[in-house]
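K.L.:
Please build the complete structure, drawing on both the sequences and the hints.
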Amino acid sequence: MPDRIYFDYAATTPVDPRVAENMIPYLKDQFGNPSSLHEVGREARFVVEKARQQVADLLGASSDEIIFTSSGTEANNMALIGFVEAHAEEEIHIVTSAIEHPSILKTCRYLEKRKVSVTYLSVTPDGQVEPDSLQAAMRPETRLVSIMTANNVAGTIQPICELVRIARQHGALFHTDAVQAFGKLPFHGGQDSPDLISVSAHKLYGPKGIGALFVRKGIRLNSLIHGGGQERDLRASTENVPGIVGFGYAAEIARQGMASETARLVSWRDEMIGHILGKIQGSYLIGHPYRRLPGHLCLGFSGLEGDMIKLLMLLDKAGIAVSTGSACSSNHPGEASYVLQAMGLDPLKARGSLRVTLGRFNTQKEIDWFLKILPKTLAELRPMTTDSFSSR
Amino acid sequence: MTVSDLPGLNCGLCGYRTCAEMAEQLPMKPELLKRCLPMSEHRERSFETKPFSVPSPKKDCGACSVACAPEKTDGVKWKDSLGREFDFYLEHFPEDPGPREIIIPHNPMITREMEIQRGDILIGRPLGMSCGCPITHCGVVMEVDKRTGVIVWCVTGPLQPRQHGFKDVGYYIAEGYEGLIKQTRCEPKIGMRYYFQPQLCMLQWRHSGLVNYLNRLKDGYQVRLEGLWIG
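Top to bottom, those sequences are chains A and B. Under this note's numbering, the first residue of the first sequence carries the number 1, and numbering increases by one thereafter. Under this note's numbering, the first residue of the second sequence carries the number 1, and numbering increases by one thereafter.
Think of the hints as simulated: they come from the structure by calculation, not from any bench. A portion of the hints provided could be inaccurate.
[What the hints assert, rightly or not] Covered by chain A, per the in silico footprint, the following chain B stretches (three or more residues, Cβ under 8 Å):
#1 14-24
#2 31-38
#3 134-144
#4 156-163
#5 202-215
All C-beta atoms in this analysis are idealised placements derived from N, C-alpha and C, irrespective of residue type, glycine included.
P.N.:
Following this line, the structure appears as structure tokens:
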């Protein structure tokens, strides 16, 4: 039995030791400012540009289309607010979905107060944005569509290429929040690829505090952070050199090993789904059965939704870290629910889900252990209904 | 279908490392093809050029719960997540770690048997009579009445129990709430029963209760509600 099992890779990933090792020199001796003209600075500039190329390669992009930010959240803010501010004289309508990350939804709310109109698309019960609903929402003044590549709660992958084509037909740009999908799904940079893509390092076995926005050549954005003109004048502040180096190397590792890692995670995911749905009475899968992120399971257990917090704590006590949206919590009063509610789950089910997300450092032994522990742990919970009721 | 018909991205999303590996399996398992996500993404789709309707930017379009979630400051809708009306929001005291509740375990003896005391972290579920909420609650004990078994606690959420452990009281009855009214659409009166919305109720279901203590403050009311029901 492993001491501790981490099954919350959608929340964050551990830094790959190879990435950490690559970052260390830039936390110690190689401390230069990339904007400095001397050799110490030039060394820093060299590694920043190398990392930019590594991130671009994983996106199928050119290095001069990558703007480093502090996070995926900042990249999302930059994409939406930067676009609107660069077109301040125009009437702007944005289309997004009801299940986006708060860094998109709250930014849209912010923009709505600034005379931008926003349409929030509903999703299917398995969490997909239907191309027809996007088609119907497009207006002559629609300038930007922002739909996430894959959802962080349900794990569902969106039909991005189809959605991009619709946006193109109507002359709108397409942004995608690819924070969960980056390094797991292929990006090709082709004609039906998004114009703006937000990514983050810490979901990719890189460090926290570094993200990036892909900005297709020719797209006009305004800067949100003003200062020294770094990042093509789009994101002032001295570059986070160790973070950028780590991000670049994490992207390089992901690019080289993506196929085998993805196939392994898909295989484990499907094994776990099959086992749990087959053996645990009342269990159900939330989201699409296979159009979902490789290591991502979102599960519910009928009659036990209200007790998910206890499940989480019991699993935690057993050394297994998972995630749940069930907390009746003053810390996170509404977290996760809006995504699952938008998918048509009632408020109780929307909070009573268990999210298990696998990653690079998990093993078959850990999967087996979890599958053994889970039914026993569920048996310790207090069902909403009596035994005779639930067995009817 | 041969390997040359597949996208050749070798992305692994179908569960096979390469398109060639998948192609080998296809004759036996043709249903695997739908698992090729890049292929389904790239399939040709003819978009009719029918004129599209322009949806009005109405807030109550019903398209999603996010865009139309009740605003808590401007434009309060006074409806809970099930569309039922209520009269005020109940907020917790700012100095408290969470909403203050007066509870009694279904077996009040366990307050003594488990030696529950101020500062303990408890979990339990309000069952049946009074607020029969389906959610397990977590909280910190503020006061204990060992004679009657009544406990005053502040509901805090799961982080503390996860970090520090907890005592499980099983089922309990929520006897009363204490808190602040800062947003109301009526003048609350003592002795009257109201529908109200606990600000941090995760289900955002309205509750009802009898006001049996009311103290007017400069920016609202300090209130105690008893005889609680959900709905």
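K.L.:
Report holds or violated for chain A covering the segment 156-163 of chain B, Cβ cut-off 8 Å, minimum 3 residues.
P.N.:
Answer holds; 6 residues pass the 8 Å Cβ test.
K.L.:
Verify the coverage statement for the segment 31-38 of chain B against chain A, using a C-beta to C-beta distance below 8 Å and requiring 3 or more qualifying residues.
P.N.:
The restraint on the segment 31-38 of chain B holds, since 4 of its residues have a Cβ under 8 Å from chain A and three suffice.
K.L.:
Would you check chain A against the segment 14-24 of chain B, counting CB to CB pairs closer than 8 Å, and say if three or more residues qualify?
P.N.:
Result for this restraint: holds, n = 5.
K.L.:
Residue count check for the segment 134-144 of chain B against chain A: does it reach three with CB-CB under 8 Å?
P.N.:
holds (count 5)
K.L.:
Check, residue by residue, whether the segment 202-215 of chain B contains three or more positions whose beta-carbon lies closer than 8 Å to a beta-carbon of chain A, and give the verdict.
P.N.:
holds (count 4)
Consistency with the previously given hints is maintained throughout, with no hint failing.
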